[in-house]
Amino acid sequence: MADNLADALYPGLAFALGALVALAELLARYTDEPFKAVRKAKSLGYLGINGMASLAAFGLLLRYEDQVLPSLSGDRLLAALIAGFGAMALIRSKLINLPASEDGSPSGLGPDWLVTSLLGVMDAGIDRERSVERQQLVVDRVRQLPLAEIDGAKARIRDFLIVSIASFQNLNDAQKAELKTVVEDIVALEQDTDLALMAVSYAFLNAAGEDKLIQILDQVKDVVSS
Amino acid sequence: MEKQSRFGLKYLLEDEGAKSSAAQTARQSIDSAYDAVAIEIIDALGHEDDRSATLTELAEATGLRANLLRSVSDRLARGGIVRREVDGDVVRLTLLD
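These protein sequence lines are chains P and B, in that order. Using the numbering used here, you'd call the opening residue of the first sequence number 1 and step up by one each time. Using the numbering used here, you'd call the opening residue of the second sequence number 1001 and step up by one each time.
Isolated chain P (complex conformation):
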């Protein structure tokens, strides 16, 4: 009974680990608002595809154990761990070889192509949704600033923005130094105040997320009116 239960859990473990790896990928990729990104329906699709890839790798590892990993010796827990953490590596290691095309080049079809394509579609969808959200946030927040007054306070705002970088707790010193240079470069490159503010907003959004950007832009209002 206990063995049967464990046997049933291993595929689930492989799926869960594959999904966990995908979750970590998404969290690392959408650094501005990682948790907003992973709550999207397409993110669940991304996790599901990765989980299914791990599940498939788990099945293939057990089915072709002698050819792929003889040292596995029927260890289902090990198979679940390998499949969960390394599904993409397993799939890309030509576990299944499809015939090459006539000119000898790879056929371009196969499990690697399939999974990578599906993951790419999901990722592009997540990226598009986040892009729209980010665009709306930046434009809306900059639109709310007293822009006519800002024209006369450009230097003061630039200095405030640079000083405010010190409060970005999630950045190390090198990242803060780079962000300072980014702000200086934007102000030097872009003459239009509104566009420069939007560009700096994007840079801050990437570096510290939405809440921090909103806080900084609210403070810009105070700087202008002081």
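Hints were generated in silico from the structure; no laboratory data involved. You can take every hint at face value.
Far from chain B, by Cβ distances over 12 angstroms, these chain P residues were calculated:
#1 N4
#2 K42
#3 G59
#4 P111
#5 G152
#6 K212
#7 Q215
#8 V223
To give an idea of the chain B side of the interface with chain P (calculated C-beta under 8 angstroms), a few residues:
#9 K1019
#10 S1021
#11 A1022
#12 A1023
#13 Y1034
#14 A1036
#15 I1039
#16 G1063
#17 L1064
#18 N1067
#19 L1068
#20 S1071
All residues carry an ideal CB built from backbone N, CA and C; glycine is no exception.
Knowing the structure of chain P, use the given hints to seat chain B on it.
Quick look at chain B alone, frame taken from chain P:
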């Protein structure tokens, strides 16, 4: 890397690399800002019956300043996304198919 270290250029090059990275981020951020405003313009023009509006009308519709819209509309016109007609001080944009 070995050559860089031997001639004492490693840190200088790394520093240049950081500057280059910052410049790239700055350029990307400016491009993102242009894109954001461009989307606002295209969206506003798309809501017009004849897909056409003056910069002043667009400024009212989007809540963005005419100067900003003028800068971005130049790019959109160069990219063949809008037609830009100037009649004195009045600039009219038409969304192209």
